[in-house]
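With chain A held as given, fit chain B onto it using these hints.
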Amino acid sequence: MTQAPILDAPILQISWLELALSGGLILMAAGLSRSFRTGLSGSFLLGALRTVVQLTLVGYVLVYVFSVEQWWLVLAALALMTAVATREAVQRQDGPPGKLYGITGLALALGAGLTLVYVSAVVVRPDPWYNPRYLIPLFGMIISSAMNAAALAAERLAGEMESRRREIEARLALGADAVEASREPVRRAIRAASIPIMNQLMIVGIVALPGMMTGQIISGTSPLTAVRYQIVVMFMLAAAVAVSAAGVAAWYRREFFSDALQFRPPGRESTA
Amino acid sequence: MGEGTAGAVEHDPEGEEPAFRLRRVRIERGGRVVLDGVDLDVPSGRITALLGPSGSGKTSLLRILNRLDDPAGGEVLYRGRPLTGYPVRELRRRVGFVFQAPVMFDGTVEENLRAPAREAGWPEEETRRRVREALELAELDGDLLDRPGGELSVGQQQRANLARTLVNRPETLLLDEPTSALDAVTSRRLLRTFRRLAEEEGRTAVMATHREEEARAAGDLAVVLTGGGVDRVGRPTEVL
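Protein chains in written order, with my numbering: chain A, 610 to 881; chain B, 1470 to 1709.
It is worth saying that the hints were derived from the structure and are not from the lab. Treat each hint with caution, since some may be false.
Listed next, with one range per pair, are the computed distances between beta-carbon atoms [said to hold, decoys possible]: (1) Ala817(A) <-> Asp1575(B): 31 to 39 angstroms; (2) Asp703(A) <-> Glu1593(B): 28 to 36 angstroms; (3) Asp703(A) <-> Glu1602(B): 28 to 36 angstroms; (4) Met807(A) <-> Ala1653(B): 37 to 45 angstroms; (5) Ser1649(B) <-> Gly820(A): 53 to 61 angstroms.
Under 7 angstroms between C-beta atoms, here's a sample of chain B residues computed to sit facing chain A [what the hints assert, rightly or not]: (6) Arg1561; (7) Pro1585; (8) Glu1588; (9) Val1693.
All C-beta atoms in this analysis are idealised placements derived from N, C-alpha and C, irrespective of residue type, glycine included.
Isolated chain A (complex conformation):
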């Protein structure tokens, strides 16, 4: 079967002028926002500016990392991405961060790291093993999903711990340890953090064409190849989310108990 000519057409490059013209869309959004006095029109413009600056910078960084071809540089980039994701996930929390930086960082490194190792060693097998063309985009997707899951898990855990305080203390009073006393909040936190990826798994391809697949198709990849990548990506995200959410929930819960198994939400003044 010969491929349809539409798939063979060369990729359309976006010129600087065309890029500038795309800014008209942001002006439209900002203008609409202004007419409804949402107070967000300035934020639209600032957000647009940050998008341009951040993505342009990251483009140059990627070009550099791709050209240098050093394994340590690739690992450093992955570590930096993990650090930024950790900071973002922790900053979304209301309470004082305390040990949450360490906990989130470890959970993200474990969740996203293990997933990347598995996919690159077993599924994609890039050559060389640190090939940044594969590792960095894949890790970017994994880490951002893991970050959202970690932030959701921490937030939900804190909320559930607070609202179930009486139940937790009743369990402690019966002789339960921290794990038993907080089983339900942890369960609910992991569940809440998993729901977005669960929804994505259910609707992908029907309601939404994922960004990576869209990008690959526009760049000239056959939709069938793009689909295979996307399937791998979805499975990766599910694994990364599960590990990161479970890590955050299971480790963060300890911060709610003193050594003597007293319920002490972090940041709350001691009642002793």
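Relative to the frame of chain A, chain B by itself:
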């Protein structure tokens, strides 16, 4: 406050070691001093009623007795040993706590009663025996076992909470205003249950209450808390 010690000794003629011995105990909540300089002996095998207006520190005092909180100062001994000398989970199994408002866990009444077993890891036969025994002691209707805990009346929930605590076979019960959510008839029946646990089972109980008639009906000893300390200690008929 030597008065507390004197009162307890007077009501402990056999010279038996007190269940709890508090020395110069200071309790703070949220940076505020709730109780200070509390000296008190809680006799073993009796019901001690803690009385006082709201905010006088009854609940705060109970909470330090099984280490849901720790005192800011002073010392608490349980059966001659500092509370901090016990593994905290063992202490809490031996010193049970029944909260003011009953707390039912998700699931049926039976699942609630089995909650302590999940942690203790008793064999099934042992768990069943303990649940049956606790049901009987708490005078909770066995037909309720299959019902979701949340569907019980408040009175039944409080009995279920008592039963759940009794599954651990605690030597001592801390009862935090256990009847405050109940009507008069249900309250009187529950107080009779507490009396029976003390008289027939030899269990020690410390019961916070703001009702003097409850202290008179159920207590062997009354401890009146006011002004951040122990005001009076003695037989309920004498000090109330």
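Here's how the hints hold up against the structure:
Distance hint check: the CB atoms of Ala817(A) and Asp1575(B) are about 35 angstroms apart, consistent with the given range 31 to 39 angstroms. For the hinted restraint 28 to 36 angstroms between Asp703(A) and Glu1593(B), the CB-CB distance of approximately 44 angstroms leaves it violated. As the Cβ distance of Asp703(A) to Glu1602(B) is approximately 45 angstroms, the hint placing it in 28 to 36 angstroms is violated. For the pair Met807(A) and Ala1653(B), the supplied restraint of 37 to 45 angstroms is violated, since their beta-carbon distance comes to about 52 angstroms.
Our hint of 53 to 61 angstroms for Ser1649(B) and Gly820(A) holds, since their Cβ atoms are close to 58 angstroms apart. At its closest, the beta carbon of Arg1561(B) sits 5 angstroms from a beta carbon of chain A; the interface hint therefore holds under the 7 angstroms criterion. A cut of 7 angstroms between beta carbons decides the hint on Pro1585(B): the least distance to chain A is about 5 angstroms, and the hint holds. Below 7 angstroms, beta-carbon pairs count as interface contacts, and Glu1588(B) has one with chain A at about 5 angstroms; its hint therefore holds.
With a cut of 7 angstroms, the hint placing Val1693(B) at the interface with chain A is violated, because the nearest CB-to-CB distance is about 24 angstroms.
Of the numbered hints stated above, those contradicted by the structure are hints 2, 3, 4 and 9, listed in ascending order.
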